[in-house]
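Student: Work out the full structure: start from the sequences and follow the hints.
Protein chains in written order, with the numbering used here: chain A, 1 to 478; chain B, 1 to 385.
Please keep in mind that the hints were generated in silico from the structure rather than gathered at the bench.
For every residue, glycine included, the Cβ atom is placed at its ideal position computed from N, Cα and C.
Fair warning: there could be bad hints in the mix.
[To be verified] Anything over 12 Å on all C-beta distances counts as not near chain B; from chain A, calculated:
1. T4
2. V70
3. R124
4. G140
5. S305
6. P333
7. G343
8. E370
9. E393
[What the hints assert, rightly or not] Which residues of chain B face chain A? A few of them, derived with a C-beta cut under 10 Å, are:
10. R147
11. F172
12. A232
13. R241
14. W257
15. V358
16. E362
[Claimed, not checked] With a Cα cut of at most 25 Å, we get these calculated SDA-like pairs of lysine to any residue:
17. A/K312 - B/W17
18. A/K312 - B/K101
19. A/K119 - A/S139
20. B/K101 - B/V16
21. A/K312 - B/E167
So you can see what is in the structure, the chains are spelled out below.
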Amino acid sequence: MPETYADLIAAEDVLLFVNAAVTATGQREFRSSAGEQRLSLAFLHEYVRVNYRPVYAAALALDINDHNAVTIVEQLLRTADEADGPTGKRAEGRLIAARLALLPPQRVYRLFRALRAAKVNNRRTRAIVRDWLAGRAASGGLAHDAVKYRSGLKTAARHVHRRFPGDESGDFLFAPGRRVRYEHAALDAYRRAHYEQGALYELPFTVAEGFAAKHGVPRAVFLERIAPRMTRLERLRTQRSGPATDLAAMPLTRLALFVLSLPFGERAARRAELTGALRAAAGRVAGPYAGTWGRVAAVLDDSHSSSGSAVKRRRPLAVALGCHFLLEALAAPGAYSAHWTSGTSGGFDPLLVRPWGPTPLGTRILDALEAAPDRLVIVSDGWDNAPPGLAGEVLRVWRTRLDPERRTSVVHVNPVYDTAGFDVRRLAPSVPTAGIRDAEDLAALVEIAQFAEGRTGFAELRAYLDRRVELFLKGAPR
Amino acid sequence: MTRIDLTGLEVRPAQVWGGVRLVPLVRAVPVEGLRLHREVYGGHGDGGSVDLGDRTTYTSYVPHGFVADWSGGGAEAAAYGTRLGGDPPTVPVRHHHRLAKRRRGDGRSEKRLRFLPLHIALEGYLALHFGGPSVIWEEWSQQAVRRGLSPRAEAAYAGWSVPGLAEALRIFEIHPGQCGLMLYVADSLAAAFVVPHPDDYRVLHPTLIEDLYGDLVHQYAFYGAPVPEFRARIRDTGRIRTLADLRAAARAQERSWAESHGTLMARDLLETPYAFERVYRMDSYDLHRLLPPFRRTGEEQHIGELITDHKGRTLYLKTFRLSENQIRRGHLLRRLADCDWHLGRTAEALGTTYAELVRRVEGAGFSSLLNWHVVAQRIRETQES
Chain A
1 MPETYADLIA AEDVLLFVNA AVTATGQREF RSSAGEQRLS LAFLHEYVRV NYRPVYAAAL
61 ALDINDHNAV TIVEQLLRTA DEADGPTGKR AEGRLIAARL ALLPPQRVYR LFRALRAAKV
121 NNRRTRAIVR DWLAGRAASG GLAHDAVKYR SGLKTAARHV HRRFPGDESG DFLFAPGRRV
181 RYEHAALDAY RRAHYEQGAL YELPFTVAEG FAAKHGVPRA VFLERIAPRM TRLERLRTQR
241 SGPATDLAAM PLTRLALFVL SLPFGERAAR RAELTGALRA AAGRVAGPYA GTWGRVAAVL
301 DDSHSSSGSA VKRRRPLAVA LGCHFLLEAL AAPGAYSAHW TSGTSGGFDP LLVRPWGPTP
361 LGTRILDALE AAPDRLVIVS DGWDNAPPGL AGEVLRVWRT RLDPERRTSV VHVNPVYDTA
421 GFDVRRLAPS VPTAGIRDAE DLAALVEIAQ FAEGRTGFAE LRAYLDRRVE LFLKGAPR
Chain B
1 MTRIDLTGLE VRPAQVWGGV RLVPLVRAVP VEGLRLHREV YGGHGDGGSV DLGDRTTYTS
61 YVPHGFVADW SGGGAEAAAY GTRLGGDPPT VPVRHHHRLA KRRRGDGRSE KRLRFLPLHI
121 ALEGYLALHF GGPSVIWEEW SQQAVRRGLS PRAEAAYAGW SVPGLAEALR IFEIHPGQCG
181 LMLYVADSLA AAFVVPHPDD YRVLHPTLIE DLYGDLVHQY AFYGAPVPEF RARIRDTGRI
241 RTLADLRAAA RAQERSWAES HGTLMARDLL ETPYAFERVY RMDSYDLHRL LPPFRRTGEE
301 QHIGELITDH KGRTLYLKTF RLSENQIRRG HLLRRLADCD WHLGRTAEAL GTTYAELVRR
361 VEGAGFSSLL NWHVVAQRIR ETQES
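Tutor: Okay, structure coming up:
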């Protein structure tokens, strides 16, 4: 099929947006401030929304991060009149509903609050909010939300004129003095928790925390007794001060972040437990693909820049550590080799990794290619500085001179959004680069990265997106 | 000794951020026997006043002092008075006794020297011919004869007010074994900093933001455009057939950068002959201050201070880039002193006229040194003849 120049540009724009939507969260990064990140991301959203609206909506079906998913939904609802007729609107609506069902409720309530602040209250928005609330009511009852996300639910209900006929939640939110007691356990627990310590432990963790402070319950006692009411991530967050939990059940990247937050002494002392948990999490992610990738070499960035920022503390390093264990699980047994940029490769305990030193990616890639692996995965923010640009040159010459038959497939995944380039930073044009947020997505990203070699046209990309959308909507409730 | 000797320090690839280029210097073997620590003084905006001993005082903003420790014992290093950061008790105005002063604990002198970094160098520059005219020609005013150049002042910018410098230093990735840094702003050398040990460097790296930088550096940072990176480039000529060839080509890239840095970028610093003046001697180590020749040929001129060992190798170095005006002032004072402060002879030596020299003295900010009545008379005489 003849490809026009415009097609190639369109394909590039879309990939660029997907990379940004996966990595960028509008938070401060090592090399750019939160303001720069938000400005750059806002431009990108507007650019793609105006020029490729169907693709912009279809991005909701991909593994983009929650921040961008919420932004896309908000942008789509704010500019509903730009949609492509009733069919376009219907397609958008289905994607939005499916995505909202997947998002954590606090994000959705924040989105509804943003819509209210922006005075977006068209019929479509009201229907979407109402449907989502109906979904919440069907799955767990709105009473739980009324306690945990009290102001969020109140704002949303008020915005869409939702009524609670004969429902206690309505009174709980809007007329708290009307009833002496509630039939629903959660609502009544909230009422009793004001004066009764025992009722605290029937409430969600975040709500109970406030009451615990009010009653002066010692933290250790509180954490011990509230443990069954905590979510998985709350348990991980309070792990240091609270009761021990089963780490192996945690998601891979969160677990890597937790490990990196421990002091070196504790990491060394709990080596067996932590390594076991990381292996188990990686094994769970790898699933049926475990051991199928053949010989794998990884170049992992543990330079100073992988320390992230105050708000994304050690995030790039945690992604690298997560990828390390995931690739170990994906590779054939014993056929995996890791090359950290700090130069410690053999016999080095990855748990003791620390973000320090320069980024000699070029040299490490040479080390990794030495073993002629089937796959080479580079996890780095792409700021190759010792010397700058060597990694790109090594990969270029390797591809053109030493491995023109493509025995080794190279892919670069990058956890950091580069504001100036509106994309993640690339090492070389010949190497596909994909943005990554969680190490868990690695396998899916390696698939999408093939489009990033610049040889795939827009039509092919659209076909891929349509397939993903179809899969996504099939899994959705409606 | 006339030149700075940086043997033992290797150049590593530069890191660029905006208009700032930072070139790390790495020691293969760290120097044993001499260590530097940092001593933090005062809060924000506190002046430091230093008693120089000869009834002159040196007043400046002094954020911190360095402590050179040549006792050789690592355990002793964290003894009384040494701080590696943190908030010290704040004192509104601090009075220092001497720029370089041996530490005393329990009444006996320790093998530790406290000195105020960069201020030793600056004091050397400010005290240049500070005494004023050596021969009392009648053109010089009473003030010049009685009080010399006092008060002599120079202004500089603190590192955090140099645009982009703070960010560049924050994101800089310190190399393993790094003992020094060359700081370029708009690709002209702003400062060089060398310490004896990598651990010292890691602690002292943030002090670069509190250092002084001349107005030239500030201007370059303010108006300069981002500088390009020197990216590695491997020529694909078909000679590369194996991975070993590729590795060799990559090594060659690193080597060529190191060479070109020494000959191209840091040449003015390393090849200028300096006047070394010893400030303090500690066993086999010497603390020097260095003054440039104040040549007006357009090359970079730095003042600085350094500690050398008995072989003359640099263990500690800190430099300050002089601006064009500062060079001019130093040059003028040097020439006046060479001709025993005789204006007529100096004008001849400079190849200019008497009136022009007077204008230059005035332009350099030394007009209060001249007795204007006599000068006007002399100018009239020269014009009539």
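Student: Hint by hint, note whether the structure agrees.
Tutor: Here's how the hints hold up against the structure:
Once the 12 Å rule is applied to beta carbons, A/T4 is consistent with being away from chain B; the minimum gap is 31 Å. For A/V70, the shortest C-beta to C-beta distance to chain B comes to about 30 Å, beyond the 12 Å cut-off, and the non-interface label holds. Separation of A/R124 from chain B is adequate, the least Cβ-Cβ distance of about 44 Å exceeding the 12 Å criterion. Look at A/G140: its CB is around 46 Å from the nearest CB on chain B, clear of 12 Å, so calling it non-interface holds up.
Against chain B, the non-interface label of A/S305 is violated: not every CB pair exceeds 12 Å, the least being about 6 Å. The beta carbon of A/P333 is kept farther than 12 Å from every beta carbon of chain B, the shortest such distance being approximately 26 Å. Its beta-carbon lying about 8 Å from the closest one in chain B, A/G343 breaks the requirement of being farther than 12 Å from that chain. A beta-carbon of chain B is positioned within 12 Å of the beta-carbon of A/E370; the least distance is around 6 Å.
Non-interface call for A/E393 relative to chain B: violated, since the shortest CB-CB distance, roughly 4 Å, does not exceed 12 Å. Here the hint on B/R147 is broken, as its CB sits about 51 Å from the closest CB of chain A, past 10 Å. Hint status for B/F172: holds, given a least beta-carbon distance of 8 Å to chain A, under 10 Å. A cut of 10 Å between beta carbons decides the hint on B/A232: the least distance to chain A is about 4 Å, and the hint holds.
Evaluation of the B/R241 hint against chain A yields a held restraint, the C-beta minimum of about 7 Å falling below 10 Å. At about 6 Å, the closest approach between the beta carbon of B/W257 and any beta carbon in chain A falls short of 10 Å, and the interface hint on this residue holds. Checking B/V358 against chain A: minimum C-beta separation of about 52 Å lies over 10 Å; hint violated. This hint is violated: B/E362 has a C-beta 47 Å from the nearest C-beta of chain A, more than the 10 Å allowed.
A threshold of 25 Å between alpha carbons decides the hint, and for A/K312 with B/W17 the separation of about 21 Å falls inside it, so the pair holds. At most 25 Å may separate the alpha-carbon atoms for a hinted pair to count; A/K312 and B/K101 exceed this at roughly 45 Å. In summary, the hint linking A/K119 to A/S139 is not supported, as the alpha carbons are separated by about 29 Å, beyond the 25 Å threshold. Only pairs whose Cα atoms come within 25 Å are accepted, and B/K101 paired with B/V16 is rejected, the gap being roughly 37 Å.
The straight-line distance between the Cα atoms of A/K312 and B/E167 is roughly 18 Å, inside the 25 Å bound, and the hint therefore holds.
Hint compliance for this structure: hints 5, 7, 8, 9, 10, 15, 16, 18, 19, 20 are broken, all remaining hints hold.
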